[in-house]
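Peer 1: Please model the entire structure based on the sequences and the hints provided.
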Amino acid sequence: MQYALEMRNISKSFYGNQVLKNVNISVAAGEVHGLVGENGAGKTTLMNILFGMPVIHSTGGFEGEILINNERVNIDSPRRAMEYGIGMVHQEFMLIPGFTVTENIKLNREITKDNLLSKVFGKPLRTLDFPAMRKEARQAISTIGMSIEELAVVAGLPVAHKQFIEIAREIDKKNLKILVLDEPTAVLSEAEAEKLLETIRYLTKKGVAIIFISHRLSEVLKVSDRITILRDGAVVDSRPSSSFTVSEIAEKMVGRKLENVVLPPHPKEPSDEDIIMSIRNLKVYMPGEMVKDFSIDIRRGEILGIGGLAGHGKLGVANGIVGMFPAEGEVYFEGKPYRLNDPSYALKNGVVYVSEDRRGVGLLLDESVEMNIAATAIEAFGLFTKKFLFMTVYDRKKIREHALEMIKKLDIRCKSPAQIVRRLSGGNQQKVCLARAFTLNPKILFVSEPTRGIDVGAKKLVLDYLVRMNREHGITIVMTSSELAELRSICDRIAIVAEGKLSAILSPKASDTEFGLAMAGEFQEVLQHG
Amino acid sequence: MDKLLEWLKRVDIPTLIIFLFLVALFVLAAFTEVSIPSLLSDSIRRIGMNGVLVLAMVPTIRVGTGPNFGLPVGIIGGLLGALISMQLGLAGFTGFWAAILFAVLICLGIGLGYGWLLERVRGQEMMVGTYMGYSVVAFMSIMWLMLPFTNPDMVWAIGGKGLRYTLALDKYFGRVLNNFLKFKIGGFEFPTGLLLFFAGVCFLVHLFFRTRIGLSIDLVGQNERYAISSGVNPNKARLVAVILSTVLAGVGIIVYAQSYGFLQLYQAPLFMTFPAVASILIGGASIRRASVRNVIIGTAIFQTLLTISLPVLSQVTRGDITEVMRLIVSNGMILYALTRTPKEAR
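As given, the protein sequences belong to chains A and B, one line each in that order.
Offset between the first sequence (1-based) and the working numbering: plus 55.
Offset between the second sequence (1-based) and the working numbering: plus 70.
These aren't lab readings, by the way, just hints derived from the structure by calculation.
All C-beta atoms in this analysis are idealised placements derived from N, C-alpha and C, irrespective of residue type, glycine included.
Mixed in with the good hints there might be a few duds.
To be verified - Below, simulated PhoX-like cross-link-like pairs (lysine-lysine); rule was C-alpha separation at most 20 Å, straight line:
| id | chain 1 | residue 1 | chain 2 | residue 2 |
| --- | --- | --- | --- | --- |
| 1 | A | Lys441 | A | Lys453 |
| 2 | A | Lys260 | A | Lys228 |
| 3 | B | Lys306 | A | Lys470 |
| 4 | A | Lys403 | B | Lys306 |
| 5 | A | Lys229 | A | Lys277 |
| 6 | A | Lys463 | A | Lys515 |
As the list claims (entries may be wrong) - Partial selection, computed: residues in chain A whose CB lies under 10 Å from chain B:
| id | residue |
| --- | --- |
| 7 | Met108 |
| 8 | Met379 |
| 9 | Tyr400 |
| 10 | Leu419 |
| 11 | Met426 |
| 12 | Phe443 |
| 13 | Met446 |
| 14 | Arg451 |
| 15 | Gly576 |
What the hints assert, rightly or not - Across the chosen pairs, the derived CB separations fall in these ranges:
| id | chain 1 | residue 1 | chain 2 | residue 2 | range |
| --- | --- | --- | --- | --- | --- |
| 16 | A | Ala210 | B | Trp186 | 31 to 41 Å |
| 17 | B | Phe273 | A | Arg394 | 36 to 46 Å |
| 18 | A | Gly481 | B | Phe273 | 34 to 44 Å |
| 19 | B | Phe273 | A | Asp519 | 40 to 50 Å |
| 20 | A | Lys442 | B | Pro218 | 38 to 48 Å |
| 21 | B | Phe273 | A | Arg468 | 53 to 63 Å |
| 22 | A | Pro342 | B | Ile212 | 26 to 36 Å |
| 23 | B | Thr164 | A | Glu460 | 31 to 41 Å |
Peer 2: Given below as structure tokens:
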């Protein structure tokens, strides 16, 4: 069969970590191919390969071949990809805010005409032909059924319009053959999304092959001719969409063989009788992870998981509670009202946080292991200090002793407590973060993405340590993670966040289908499992 | 051999180059008729004289706002303190300590205002500081003429109004520190009091950075978001750092003046900043990291270089190139440090 695009046996690894394994995907002209998968399943990497992004080539290229119209091609730069007629609508807007709609659509493909200077000095000095550009921009916008003023400046437009301008720009490319839409409906309302789906159908009639990436499963099902499901960098299923149901896709997206780890029992079973923290209508203004209206009761002594898709606000919850990002809402801690937006208040009350941004927030990269472990405790509680003359100064000896103890306890692999943290591996850096948190004697510990970017062995150690802190020291743990498998392996309950709101609270034993549906925000009822 | 290589790797390259240059100058000096003992005692005196001013760079660098290019702001505070002490007719150590006390009080106030200003221009501190220095010096040039000082030693002899360009301190606290416990070995003179004072201030600053407030300054400088998550208020930490730097500048100029024997007003404060910035950078600091150790090494190398190059090079080249070299070294050093930062920030 004649495919507009075929990607064969694509494999790619980043620093020895395989993210794509023998992936095959093909699209015929005029066909819509839905691509679904969890975060980190490899969708973006696959599309980066197709688009020749520098990040691929600077990390050692990839294996496999790409065929366009049955001809093998070598796409080594985004420019080359464009020459082959591949267009991409990005998740983040690639628009220049200060430019008008027309200028953005025609960026780098401006229509020009000769003038005196350009005749002497050559092409770069040709005048822009604004009337012609306007006309074509106008045409592209109306093709997608929008009425956006083509001379408006992009900065002030609503997000939905920006999304449509991105699409208009791709449509305007005369040689467009393959169009990749990466989460195009994420920022759109339902009516707008419907309009976008119509545009997609219009484009397919013109013979454009489309790869459609979305987390909204019902949309994918509605618009796609075929669907490919990626999980952990491999294709788990690829069939015509008519043979799928939403719950089937959800299951295949999430499903993993669960290791049946037997966790030690709780000293005292957590229950709704004993609530350590109660969150009501929490709003957090964290860019990219907005929490819109989140309420939950956290039981004393439990390990609560918070899951959900990227950008839906699961990371915002912990960041809001500890005061790293502006938050509002009603929170009660141990029955008393709790003050938001005050990191120092949080620490003093035993609310401790291990950031998802290890290198950006969690560590002093150029400081020693021991200082990283102790600095916060010195600041917040005046631990490890002594009187010297008339000043209270920190005590290197006490810090060293404590650091050595933590290094042993957590098996941090470092040359000495004085080693600089930047030189440690990701796993050991994470252990330093945990040691720092543990030094603060938390009553409740918020851990975000504790295993991101660390290898399998370290992952297990980190999770084991969290369980141990929970069981032996009775620390309530709220763990936010993109890896559902990891949440399911150690949590007592898992809260799923979708679109900034609590979508469901599930038992770790709930089915893959339930998790998939909850993440897509299509889980109708909020179940309170025990 | 391995250990030596390891040690060499840790030394900053510019520090090493300038140090080698210094050694070469000493070797050269041996072949000329310059008296090495007097060169050495000169160098040591200048180290103690300038040290505290260089120390003023530490707090702002460590809090992440770069060297305090607004050094004149603090210097003005110090000058005012010294002037008040003179106006009161206090002499000797009484005069000196009174000057320090007034200077600290005035600098606390000025530093608060200056810190408030810098907070409004986050990320531009170095540039705004430089201009702030110029503005304050210009403004004070007017004020020196208007302020109601009446001591006949201080005001212009003719007219009896307005302060002089340079005020002799002989009758007040000139060289009190230098002469305290001073001893001589042949041609070599050791200003014990001066160095003791410098060492004391160094030790206090070193201790300060081991307190909670000092640590909060460090945390903000290294990773502001880590600091926030540790319950530190970064704005407050920056304010404290700027105030401390201003106070050190005020104390620094008094130490400088007592050693020099004269108080210099009007444009003089402007010429203090760049050598101080250059000194700490030569000592191995970058515009994001600095320690008391960098201050001591840097001041020692930079001041020794200046003292030695004048007599030695003037004999060899038969011309005065010291001033030129001072400018090349100090400005070149600052330029080098500024170009180096973007890489370190990542």
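Peer 1: Hints first: check each against the structure and report whether it holds.
Peer 2: To see whether the hints hold, each was checked on the structure:
1. A/Lys441 x A/Lys453: Roughly 9 Å between the alpha carbons, so the hint for A/Lys441 and A/Lys453 holds.
2. A/Lys260 x A/Lys228: holds, 16 Å
3. B/Lys306 x A/Lys470: Measuring from Cα to Cα gives roughly 36 Å; hence the hint is violated.
4. A/Lys403 x B/Lys306: holds, 19 Å
5. A/Lys229 x A/Lys277: violated, 27 Å
6. A/Lys463 x A/Lys515: holds, 17 Å
7. Met108: violated, 21 Å
8. Met379: The hint holds - A/Met379 has a Cβ within 10 Å of chain B, the shortest such distance being about 6 Å.
9. Tyr400: holds, 8 Å
10. Leu419: Constraint on A/Leu419 satisfied, holds at 5 Å.
11. Met426: holds, 9 Å
12. Phe443: holds, 7 Å
13. Met446: Holds. Min distance 5 Å.
14. Arg451: holds, 8 Å
15. Gly576: violated, 30 Å
16. A/Ala210 x B/Trp186: 31 to 41 Å: holds, 32 Å
17. B/Phe273 x A/Arg394: 36 to 46 Å: Given about 39 Å between the Cβ atoms, the range holds.
18. A/Gly481 x B/Phe273: 34 to 44 Å: Holds, since A/Gly481 and B/Phe273 (Cβ atoms, about 39 Å apart) stay within the stated range.
19. B/Phe273 x A/Asp519: 40 to 50 Å: The hint (40 to 50 Å, Cβ to Cβ) holds, given that B/Phe273 and A/Asp519 are roughly 46 Å apart.
20. A/Lys442 x B/Pro218: 38 to 48 Å: Once the Cβ atoms are compared, 45 Å apart, the range 38 to 48 Å for B/Pro218 and A/Lys442 holds.
21. B/Phe273 x A/Arg468: 53 to 63 Å: About 37 Å separates the Cβ atoms of B/Phe273 and A/Arg468, which means 53 to 63 Å is violated.
22. A/Pro342 x B/Ile212: 26 to 36 Å: violated, 48 Å
23. B/Thr164 x A/Glu460: 31 to 41 Å: About 53 Å separates the Cβ atoms of B/Thr164 and A/Glu460, which means 31 to 41 Å is violated.
Of the numbered hints listed earlier, those contradicted by the structure are 3, 5, 7, 15, 21, 22, 23.
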